[in-house]
Amino acid sequence: MGSYDLVDIEVSHESTDDLLASWDEGSDGDAHLLSVQAARLRAGRPDSELWSLKQLDENSVKMLEHQVDAAYRALFEMDGKALLADEVGLGKTIEVGMILKEMHFRETDDSVLVLTPAQLAKQWQAELREKFGLDFVCNYDDEFAGFDAHDYVIASIDTAKSERHRQTVLDRDWDVLVLDEAHYVKNEETDRYDLIDRLSYNYAFFLTATPIQNELTDLYNVVSLLRPGLFGTRDVFHHYFVNSNQETLVNRNELQERLSKVMIRNRREDTDIDFTDRTIDTRTFEPTPKERELYQAVTDYVKGAYSQDQGQKLVLMLLQKEVVSSPVALKQTIEKRLYEQSELGHTSELESILDLIEEVDTVTKQERLLEIVEEARNNVEMGRVIVFTQFRATQRQVLDRLASEGYTVHAFHGGHSSDEKEQIVEDFEEEGGILVSTDAMSEGRNLQFCNILVNLDLPWNPMRVEQRIGRVHRIGQKRDVFVFNMALKDTVEEYVLERLYHKIDLFQQSVGELSSILSRLEESGTSFEDEIFERLMNAGSEVDLENDFDAMAVDLREQRDLADKLEEFNSGVFEGFDLGASDD
Amino acid sequence: MTDASVPVTQSAVESFAERYLRSLGCTIEQRGDTWDVSVPEGADTQSLPDEFTVVCGTESDSPEENTELLHPESRLLHELLDEAVRRTPAGRINLTSESTEIELPEWLRGGDVEVRNAEFAPYYDRSALVVLFRVSIETVSEYQREFLRVVALDARSGESLEGLERNFLRITSFTDDSPSGGQPSLGRENVRGLVDEGQRQVVDRVQDLIDEVHEEASRAADAEVEEFRQMQQQRIRELEERHESLSSKLDESRATIDASEQVERVEALKQRKQIKGKLEELTTELSDLRRRRDQGFPERQKEIRQRHALDVKVSPLTATQVEYERGEVEIELAEEGVIQPLTVGYGIGVGVTDTVQCTVCGREITSQNPLVSIIGEVNCDECH
Chain A
1 MGSYDLVDIE
11 VSHESTDDLL
21 ASWDEGSDGD
31 AHLLSVQAAR
41 LRAGRPDSEL
51 WSLKQLDENS
61 VKMLEHQVDA
71 AYRALFEMDG
81 KALLADEVGL
91 GKTIEVGMIL
101 KEMHFRETDD
111 SVLVLTPAQL
121 AKQWQAELRE
131 KFGLDFVCNY
141 DDEFAGFDAH
151 DYVIASIDTA
161 KSERHRQTVL
171 DRDWDVLVLD
181 EAHYVKNEET
191 DRYDLIDRLS
201 YNYAFFLTAT
211 PIQNELTDLY
221 NVVSLLRPGL
231 FGTRDVFHHY
241 FVNSNQETLV
251 NRNELQERLS
261 KVMIRNRRED
271 TDIDFTDRTI
281 DTRTFEPTPK
291 ERELYQAVTD
301 YVKGAYSQDQ
311 GQKLVLMLLQ
321 KEVVSSPVAL
331 KQTIEKRLYE
341 QSELGHTSEL
351 ESILDLIEEV
361 DTVTKQERLL
371 EIVEEARNNV
381 EMGRVIVFTQ
391 FRATQRQVLD
401 RLASEGYTVH
411 AFHGGHSSDE
421 KEQIVEDFEE
431 EGGILVSTDA
441 MSEGRNLQFC
451 NILVNLDLPW
461 NPMRVEQRIG
471 RVHRIGQKRD
481 VFVFNMALKD
491 TVEEYVLERL
501 YHKIDLFQQS
511 VGELSSILSR
521 LEESGTSFED
531 EIFERLMNAG
541 SEVDLENDFD
551 AMAVDLREQR
561 DLADKLEEFN
571 SGVFEGFDLG
581 ASDD
Chain B
585 MTDASVPVTQ
595 SAVESFAERY
605 LRSLGCTIEQ
615 RGDTWDVSVP
625 EGADTQSLPD
635 EFTVVCGTES
645 DSPEENTELL
655 HPESRLLHEL
665 LDEAVRRTPA
675 GRINLTSEST
685 EIELPEWLRG
695 GDVEVRNAEF
705 APYYDRSALV
715 VLFRVSIETV
725 SEYQREFLRV
735 VALDARSGES
745 LEGLERNFLR
755 ITSFTDDSPS
765 GGQPSLGREN
775 VRGLVDEGQR
785 QVVDRVQDLI
795 DEVHEEASRA
805 ADAEVEEFRQ
815 MQQQRIRELE
825 ERHESLSSKL
835 DESRATIDAS
845 EQVERVEALK
855 QRKQIKGKLE
865 ELTTELSDLR
875 RRRDQGFPER
885 QKEIRQRHAL
895 DVKVSPLTAT
905 QVEYERGEVE
915 IELAEEGVIQ
925 PLTVGYGIGV
935 GVTDTVQCTV
945 CGREITSQNP
955 LVSIIGEVNC
965 DECH
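Quick mapping for you: the protein sequence lines, in order, are chains A and B. For the first sequence, this note's numbering gives the first residue as 1, with consecutive numbering after it. For the second sequence, this note's numbering gives the first residue as 585, with consecutive numbering after it.
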């Protein structure tokens, strides 16, 4: 491959003298047959069995064929260094659990470090304990006394790389390293990457559903951490596998062959998992006149302010999102701008928006939410419903409203400690009722005991939408899943929902497929959110706006070849990573 | 080329261990998964105590004293294997038509032609040498590999006998009855020549695997060289920054000297001297580093590439003289009522030794171009 120098090679033939001496001594046939068999056994692979599986409690963990296969291959065919890259929801944590259990059984796990995003550390700890009987100390536990004080540690990667702990982590020779959400280390210029690069370990298992976030180099970086040199240098890799002019993949077969030495990727369609159905019910409501007036005022303000100062984009985008979430969310941000940040321009406009907020006495979405939860209370086990919103202020108001109507409610947001989050999910499972959550819930936490989800407001980033749905629509979900999207008529949500999300089949996409489309868009320089915002700002009239979003949807569909190209690119890279090679 | 290793299953492990211990003269009393083993005095073993207990499997968490676990990764197994390989690496086995079934060629399987009967007529005995070779490819990176390969050569002609290689692996696996054996009788020099030839053949046959590891190791070396180059580049940048900062300090010190009174001036001159010294050191280090960079760090490159270099070792582990009968096999073929005898050269355990041509087109009949008809002519697939 490519332009690199071959290292020297020397072939030597061992002397035959010993063998000839034995030849002269002679022997009986049986003893010789045993020598031949011994030579053949000694060269054979160790027993291809996961011995520890028998010890697992079937009630605690249901192992699926593709998971057992992945654990086996990672351990025995990849020599304990593997990138587990199943699509979302196929149980990568279970695969790692099996691997760690097996290593524990074989006593090859004197010290294990599991690095995860902060919000997932406690969940990892709970799963490994409950499903596999493996006890780990988490860096959020009171008993955690540093990385040199325990042999089985689960920690957030950011804690491990912090000034305080970094050296202790690096000073130790770990037997096993597990890195969850390994795409977090795709950038070689970050401290996270540097930490993993310098860590000393014998075995490593990296997990990610999206090995390619934006470009093939991401994959290079992650794989090179695991198997330095597998792809050679970055330049050689890039020149050899990517046709940079057309951004297409070249030498696909070789890339695939190389990847198959280190990566396992199961796709939903290839597994024997029977996913339940997903029903999407988008409900668009007529806003009250006051809500409509408020929406218009905010939109006018945002447009005006943006035309004068594009530097304020983020906060203006926030206002535009909040106005469809709840007036109370909007109110908080505007007051902050007016009173805390001494907003100089537009004061009167902002004040008049505040007045309009005060005038809204009926919050349509919240009223209509009651209908959904009431329906659930009558028809669903323990009336469990998860309501997602992007904003804490909206969350608080919804919680108050639901509580005042006599519903059992639970709040989940990023301000809780990990222990609290565990407890909240547990309470929700046991007590039922309604869990109102922000997107702090999005990654990793599993709520398959609930099958009704409400998107009270919709993120402008479609990945977030799928992450929300992925919390309930995953392995272990025994019932059909119902997703309710709530939108106000003639607002950005309606456009985003109706014109875009449905046309790109967002609600039926898996995260893997979606991310490829989005990466494609983002590669062109603007994010999906930016794209939406720009269109909102630049449309001349309502008709223009509608047409514009229609055009964006059509554009997305018509440019399907771009997405297809990327899909082809991904499946080209990952083709053959179905259930892995046979044992031949 | 066929891999000669066998899967290390628990049953294979137990079967081997039991037979090996008995071959040493040990008595074994079996109580389920527990064996009480007594080793006779003077037994040909270095590694076993006089009496010990074997527990099959991995269930026992804390084995008692004088108890050995027996499973695919146990210490006992590995000791027994090492000892057994060394104990009798040379020997002989006999293949006869009574003990070995006639193996029909691949090119006869399929099509409408039916095999009614096959009879072997032995003409003479022949000897072959079958050698198990360990091929190890060593390099510093994790790409190093080791595998076991088999080569069978006719002792007289040196002809390669692939059919015998397959059969040898079959009869020395753990499922078949043991073949009869005896003392090897081939001459030492004959054996040496055959082993040497086998070594050459085995390297040829694993060349693709060697090439693969060679490329992987070369890429690993290249990546390490690149990493080193980047580190040095980073170092150069750091030195450049320090150089720049010292140069500015030097400029500042000049200004201080110009503007100072006598006492301060002396102090400032001292400081300037120090800075100048450091700057010169830095300049030397920097230019040295730049020069080495421009040359591509040849020494370091050489050192890295040497470390990643491949050392391929081919070691003969066992050599087996295989006595087999050679002659002809008469195969009675039938198709739609037509019966056609076919006589071809054959060796027991070796298979068909002749090539057969299509009587129509003259092409060789092979598993890829099988016999498909015997009506009128012996017809191959290509021309039928």
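Possibly wrong hints are sitting among the right ones.
What the hints assert, rightly or not - Short derived list, chain B residues pointing at chain A, Cβ under 10 Å:
| hint | residue |
| --- | --- |
| 1 | D587 |
| 2 | N678 |
| 3 | S762 |
| 4 | P768 |
| 5 | H827 |
| 6 | A843 |
| 7 | S844 |
| 8 | V847 |
| 9 | R891 |
| 10 | H892 |
| 11 | T904 |
These aren't lab readings, by the way, just hints derived from the structure by calculation. Bear in mind that the values here come from a model prediction, so they are computed numbers and not experimental data. Where a beta carbon is used, it is the ideal one built from N, C-alpha and C, also for glycine.
Verification of the supplied hints:
1. D587: 8 Å, holds
2. N678: This hint holds: N678/B lies near chain A, its Cβ roughly 8 Å from the closest one there, short of 10 Å.
3. S762: At about 6 Å, which falls below the 10 Å cut-off, the nearest Cβ of chain A leaves the hint on S762/B intact, so it holds.
4. P768: The hint holds - P768/B has a Cβ within 10 Å of chain A, the shortest such distance being about 6 Å.
5. H827: 24 Å, violated
6. A843: 42 Å, violated
7. S844: 42 Å, violated
8. V847: 44 Å, violated
9. R891: Because about 9 Å separates R891/B from the closest Cβ in chain A, which is inside the 10 Å limit, the hint holds.
10. H892: 5 Å, holds
11. T904: Result: holds, 7 Å to nearest chain A Cβ.
Of the numbered hints stated above, those contradicted by the structure are hints 5, 6, 7, 8, listed in ascending order.
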